[in-house]
Amino acid sequence: MVRLLDLGIEKLNNMILDMAELSTKAVTTAIQAYTEGKDVRKEIFEWSEKLRFIQDEVSELAVELIARYQPVASDLRFIKSSMEITYGLSRFGRYAYDITTVLSMFGDLSKCDHSTIIKMADKVKVMICKSIEAFIKRDVELARTLSNMDDEVDNMYKEYVKRIIENKESNLRCSVSATLILRYLERIADHANSIGDKVIYIITGESVPRK
Amino acid sequence: MDKIEAKDLNAWYDGNHVVKNVSLRIKSNQITAVIGPSGCGKSTLIRCFNRMHELIPGAKVSGKVLLDGEDIYDDSVDPVDIRRKIGMVFQKPNPFPTMSIFDNVAIGLKLNGVKDKKKIREMVERSLKMVALWDQVKDRLNDSGASLSGGQQQRLCIARALAVEPEVLLLDEPCSALDPNATSKIEELIVKLKENYTIVIVTHNMQQAARISDFTAFMYLGELIEYGETSRIFKQPEKELTEKYITGRFG
Numbered sequence: 000m001v002r003l004l005d006l007g008i009e010k011l012n013n014m015i016l017d018m019a020e021l022s023t024k025a026v027t028t029a030i031q032a033y034t035e036g037k038d039v040r041k042e043i044f045e046w047s048e049k050l051r052f053i054q055d056e057v058s059e060l061a062v063e064l065i066a067r068y069q070p071v072a073s074d075l076r077f078i079k080s081s082m083e084i085t086y087g088l089s090r091f092g093r094y095a096y097d098i099t100t101v102l103s104m105f106g107d108l109s110k111c112d113h114s115t116i117i118k119m120a121d122k123v124k125v126m127i128c129k130s131i132e133a134f135i136k137r138d139v140e141l142a143r144t145l146s147n148m149d150d151e152v153d154n155m156y157k158e159y160v161k162r163i164i165e166n167k168e169s170n171l172r173c174s175v176s177a178t179l180i181l182r183y184l185e186r187i188a189d190h191a192n193s194i195g196d197k198v199i200y201i202i203t204g205e206s207v208p209r210k
Numbered sequence: 000m001d002k003i004e005a006k007d008l009n010a011w012y013d014g015n016h017v018v019k020n021v022s023l024r025i026k027s028n029q030i031t032a033v034i035g036p037s038g039c040g041k042s043t044l045i046r047c048f049n050r051m052h053e054l055i056p057g058a059k060v061s062g063k064v065l066l067d068g069e070d071i072y073d074d075s076v077d078p079v080d081i082r083r084k085i086g087m088v089f090q091k092p093n094p095f096p097t098m099s100i101f102d103n104v105a106i107g108l109k110l111n112g113v114k115d116k117k118k119i120r121e122m123v124e125r126s127l128k129m130v131a132l133w134d135q136v137k138d139r140l141n142d143s144g145a146s147l148s149g150g151q152q153q154r155l156c157i158a159r160a161l162a163v164e165p166e167v168l169l170l171d172e173p174c175s176a177l178d179p180n181a182t183s184k185i186e187e188l189i190v191k192l193k194e195n196y197t198i199v200i201v202t203h204n205m206q207q208a209a210r211i212s213d214f215t216a217f218m219y220l221g222e223l224i225e226y227g228e229t230s231r232i233f234k235q236p237e238k239e240l241t242e243k244y245i246t247g248r249f250g
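If you read the sequences in order, they're chains A and B.
Quick note: the first sequence uses numbering that gives the first Met the number 0, first residue 0, plus one each step.
Quick note: the second sequence uses numbering that gives the first Met the number 0, first residue 0, plus one each step.
Hints in this document: simulated from the structure, not taken from any laboratory.
Hints may contain errors.
With the C-beta cut set under 10 Å, the calculated list includes, among others, these residues of chain A facing chain B [as the list claims (entries may be wrong)]: (1) Leu6; (2) Gly7; (3) Lys10; (4) Ala66; (5) Arg67; (6) Tyr68; (7) Val71; (8) Asp74; (9) His113; (10) Thr115; (11) Ile117.
Which stretches of chain B does chain A cover? Using the computed rule of at least three CB atoms under 8 Å from a CB of chain A, they are [what the hints assert, rightly or not]: (12) 27-33; (13) 200-210.
Beta carbons: idealized from backbone N, C-alpha and C, even for Gly.
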C-alpha cells in the first residue's frame, strides 16, 4: 500500500527533476550564448525566476510534509535535502543569468580568448549532469566523484586569477569579463558538488563536512 | 552509568517464546523508549525488569537482569523489594476506585509498613506535587480517585508509583488512553522525572518515543533489532527493519 507520505515525496522528486532540467538548460544556453555573442538575458531571466518559484513551492511542500506526517529516517533526510538541492538548482539559474549580463556589461567580447571559459564550462556542465544523475539514480559513488572535480574547477579559477595578477592577460576588458564568468562557473560547480553531498546524505545519512 | 542490564534475557508464556536473547543496558537518569509492533515482546521485556512477568501462570524467564549490577533473579532477592525499587505504570489509568485520592497514593507506603501518619502525609503531598496534581486535588483529597479526569488519573497512578520512592519507573503505554493535551502533560512530567529516576517507556506512538526518549530500543518478533540514541535511530537507523518500521513501510 502506498503511504500518504509517498505521494508528497513523489511530488517533491518530480519538482526537483523539473528544476534539474530547466537549470541545466539555463546554464548551457547562457554559456553558448556568451561564446556566440548572443543576448539571451530575457529568456534566462524568466527561467531563473521560474526556478526560484519552484524552489519556493518545494520548501512549502517540504514543510507541509514535515508538519503533517512527522517523517523520520530516510524520508526526513530526503525532505530536508530536497530544500537544499532545489536551492542549488535555483542558484544554477541565477548564475546562468549573471553570465548573460556580462555581455551587456562589457559589450562585444568576440576578440577575447574564450578557451579557459570553454574548458571550465565543459567541466562544470559535466558536474551538473553528474550531480543530477547521482540524484536520479541515488548513486553514492557517482556523487563522491564531484568533490575532486570541484577542486579542479577551483584550481582553474585560481590559476586564471593568478595569471591576471601577474599581468599575463594584457586585455583588461577580456580578463575582467572572463574572471566574472569563471567566478560564476566556479560557484555553479560548488552547488553541483553540494547536490552530490546531499545525495550521499539521503542514502547514507553521512554528512559530508564542508570544505 | 547503567541502571539496568539485561543479559541474554528470554521470556515465555505457556511455551511461547516472546522475548528472545535480549541484551541491553538501560542508562541511569535517562528515558529509554521501547518500540515495536503489537506482540513483539516489548511489554513482556519491561515486565521482566521488575519480575512482574513471573506472576502470570505458565510464564518463564531465563537470562539475567541486573539492577545496579545485582541480579534481580537471584534466589536471595525478594521480588516485592524489586517491585518497590522498580515501579510500574500501566496503559489504562487504574486508580483503586473505592479509595480516595489520598489513599491511592498512600497505599504503597502503608503496604510497605510505613505507619507514621505525618510521614505518609508528607510523602503523598510530595508525590502529588511531583506529578503536578497537588494544586488541583489538595482540597479534595478524600474524593474518589475515579472522580478525576483520565489524564489526572494517570498522573495519580504515577504519583502512587513515586510515593514508595522507586529508583526506576517502567511505563507501559502510559498515554494510549489519553487525549493529546493530557498526553503532553504526561510527557512533560516524564521528562522532568528523569532528573531523579531512570525511566523505561513502552510506546506505540513513535513520535512520542522521538519526543521524549534519550535512547530507543526497537523490538520485532521478540528480538531486539536495534538499540541506540534516539536522535540517531530516528535520523539514521542502522538496520533495514528499523528503517521500515519507523517510516511506516512495514508489512
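Verification of the hints:
no., hint, verdict
1, Leu6, "13 Å, violated"
2, Gly7, "13 Å, violated"
3, Lys10, "17 Å, violated"
4, Ala66, "12 Å, violated"
5, Arg67, "12 Å, violated"
6, Tyr68, "9 Å, holds"
7, Val71, "4 Å, holds"
8, Asp74, "5 Å, holds"
9, His113, "46 Å, violated"
10, Thr115, "42 Å, violated"
11, Ile117, "42 Å, violated"
12, 27-33, "violated (count 0)"
13, 200-210, "holds (count 3)"
In the structure shown, a violation is registered for the earlier hints numbered 1, 2, 3, 4, 5, 9, 10, 11 and 12, in ascending order.
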